[in-house]
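These protein sequences, in sequence, are chains A and B.
What the first sequence shows, in the numbering used here, is residues 1 to 581, in sequence order.
What the second sequence shows, in the numbering used here, is residues 1 to 172, in sequence order.
All the pointers check out, no bait thrown in.
Just so you have them, the derived chain A footprint on chain B, three or more residues with Cβ under 8 Å: (1) 24-30; (2) 67-80.
Capping the alpha-carbon separation at 20 Å, the derived lysine to any residue pairs in SDA-like fashion look like this: (3) A:K134 / B:D19; (4) A:K312 / B:A72; (5) A:K312 / B:N38; (6) B:K101 / B:E140; (7) A:K312 / B:L77; (8) A:K133 / B:A52.
One side of the interface only, derived from the structure: several residues of chain A facing chain B at Cβ under 10 Å: (9) H128; (10) R153; (11) S308; (12) A579.
Bear in mind the hints are in silico, worked out from the structure with no lab data behind them.
This one's a predicted model, so the numbers in the text were calculated from it and none came from an experiment.
Think of the CB as a built atom: it goes at the ideal place given N, C-alpha and C, for glycine as much as any other residue.
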Amino acid sequence: MAERSGAEILVETLIDLGVDTVFGYPGGAVLPIYDALYEHSKIKHILVRHEQAATHAAEGYARSTGKPGVVLVTSGPGATNAVTGITDALMDSIPMIVLTGQVATNLIGTDAFQEADTVGITRHCTKHNYLVKKPSDLAGVVNEAFHIATQGRPGPVVIDIPKNVQVATTDFSRHSAEANNRYQPQIEGDFKAVNEAAEMIMAAKAPILYTGGGIINSGPKATESLRELAQLTGAPVTSTLMGLGAFPCDSDQWMGMLGMHGTFEANMAMNKADLVVCLGARFDDRITGRIDAFSPNSKKIHVDIDRSSINKTIFVDRPIVGDVGRIMEQLIAVLKGRRFSAPDYEEWWARIKGWRATNCLEYPANSDEIMPQEAIRKLWLATHDRDPIITTEVGQHQMWAAQHFGFDKPNKWLTSGGLGTMGYGLPAAIGAQLGNPDALVIDIAGEASIQMNIQELGTATQYRLPVKIFILNNEYMGMVRQWQELTYESRYSNSYSESLPDFVKLGESYDWTGIRIEKPDELESGINQMLETDGPVIVDCRVAKLANCFPMIPSGAAHTEMLLSAEDVKGTMDDQAKALV
Amino acid sequence: MMRIKDEIVKRHVLAVLVDNEAGILARIAGMFTSRGYNIESLTVADISEDHAVSRITIATNGPPHVIEQIIAQLDRLVPVHSVRDLTEAGPHVQRELALVKVAGKGENRIEAMRLADAYRARIVDTTTESFVFEITGAPEKIEAFVGLMREVGLVEVGRTGVVAIGRGPNAA
Chain A
1 MAERSGAEIL VETLIDLGVD TVFGYPGGAV LPIYDALYEH SKIKHILVRH EQAATHAAEG
61 YARSTGKPGV VLVTSGPGAT NAVTGITDAL MDSIPMIVLT GQVATNLIGT DAFQEADTVG
121 ITRHCTKHNY LVKKPSDLAG VVNEAFHIAT QGRPGPVVID IPKNVQVATT DFSRHSAEAN
181 NRYQPQIEGD FKAVNEAAEM IMAAKAPILY TGGGIINSGP KATESLRELA QLTGAPVTST
241 LMGLGAFPCD SDQWMGMLGM HGTFEANMAM NKADLVVCLG ARFDDRITGR IDAFSPNSKK
301 IHVDIDRSSI NKTIFVDRPI VGDVGRIMEQ LIAVLKGRRF SAPDYEEWWA RIKGWRATNC
361 LEYPANSDEI MPQEAIRKLW LATHDRDPII TTEVGQHQMW AAQHFGFDKP NKWLTSGGLG
421 TMGYGLPAAI GAQLGNPDAL VIDIAGEASI QMNIQELGTA TQYRLPVKIF ILNNEYMGMV
481 RQWQELTYES RYSNSYSESL PDFVKLGESY DWTGIRIEKP DELESGINQM LETDGPVIVD
541 CRVAKLANCF PMIPSGAAHT EMLLSAEDVK GTMDDQAKAL V
Chain B
1 MMRIKDEIVK RHVLAVLVDN EAGILARIAG MFTSRGYNIE SLTVADISED HAVSRITIAT
61 NGPPHVIEQI IAQLDRLVPV HSVRDLTEAG PHVQRELALV KVAGKGENRI EAMRLADAYR
121 ARIVDTTTES FVFEITGAPE KIEAFVGLMR EVGLVEVGRT GVVAIGRGPN AA
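Same shape as in the complex, but just chain A:
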């Protein structure tokens, strides 16, 4: 046993837990921790330009590597700036540890300089949080925090550490921290429930697998199991935004994404299916559309590691609580044991073929302006053999990327789904590039979103990260403008991107390469130039300004009421629909 300060105990515990990268920003209340980090070469600290970006970078790192992301920020504004990213990680189930400095314990509650009630503020946007009151508690808390963040449904955990706890010393020997075993999520699916689910699958005439981010979180083995289960059942497969990449887009069974901007065939199949097998997804409102019209004639199986997701919005016939990867293995074993092999579902596939024939992702051709969908497709064609990691901001460009970029591997698609945080993409790309130094990482962005964390251009420059930003610049907050067109008779209140910077010059001022693409015939060469440039590149791709993202289920509508193109738009909606998000 040796005397160690809280800060030293913290850093050594992080190293023991295998932490190699920390995203952070120093300040008064974390100076002792920063001083302890100064001594350690095993932890790489990435200095961001704003604490929100530290949290998104940690999310990008976590989502692309499968390891938890670690954030270190100071008290007060450091912690409050991190709140958006913490909430984002909670909504999208991203494992993250956020270490926040706090004023000394004797100052807590006195409105001290840079004091904020971090534990209070983050109580409901974390999976769990702690205020550590003595250095001897630190190692145990940090160990438990990593366990909680990564096990069960992953999520963010905040550890608030007062400055005097960082400075004070206590007896400490490594590897001696007692692991607290109070958090033990259920992994294995209930045997009876799995059997019942297998029987439902065997009896189905028109089944569909509806998959989500849970499969990605479960790990690469779950992706393999999904492919096996799909092959075994012969059922069509659709996915939420968060689940893209778990199933290969070139499979005959792939239906595309479902939901508000999902494909016509995926939504129609959900509506007409007689069995919906929900695997690691949570019946989010962007998926279900109008609840009382959601898949009205199907039996529903719901596999989720979080019991509170079961029957939250949609009542299901057969819930199974546990890890989706493990439960798929159990299902496969039971189905194989019963010598089940894929029926041909002839009638079902014939109907699907009919829906597919609408070619719902087609968009009007345009020889004068670049269609944003075209830009995404070209980007995909130019990069897909390099297995790129794609991040996005939030809005039309995000949905176009989800629709038109093809994904076939997990952990390659990083986007803010649940919270819908503009400004997510650039810091997430930085985090992903740090976790995958040799990968091609592209942030598909909009000109409005990118400005929300544009300061992170400097972070990428500092750490020589060759991330690419591909801005679909339509000079509008496009999704807001689209909703105003659909709902408020094109009264474009505050959705025009006024006073835009020159993105090329802006990039150049940070030592990035800037490229502008203005005409359809420049698209391919511009993309190639971006790919051939070694360092970070920002591309300002000017696209058709008023293009809309179709297909679309307007708010309050059913899966069968999709708008397929501009001709379906009425330009206004009733109050019931207006009240929905």
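Given chain A's structure and the hints, the job is docking chain B onto it.
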């Protein structure tokens, strides 16, 4: 025009065992407010020999699917050991304690004493013009007693909120 619809709700009493740690009450109460659930009453006290575990009794209300969510949401909190819906579990005893202050003279004062006697309320403080009654019982009994006291000079009420436990030999 758009109106907001109401749903039919039912009262449920939940017994929640939690780690006795800082912030646990805020975590539980805050989960109710942040998700829009109701709390009729909430009591908490440490119940284990080593002071490590507290029992929280929550009286809440909602339609069945909301109650199911409340239980699931409570259960996923890390410091929560177990959640029991005593209303669903079957026969159970509910008790609440109230202190009821009544002031007055003459006929009202005598009537208050008579009523207190009928309800087995104890007098725990008295002056020539006031009483403080202590009454325990099911919430409906307290409700009825307080209602009667309003007519004879009620000035103040303090209630503990309900605690409840299942009947029979087994722990919940």
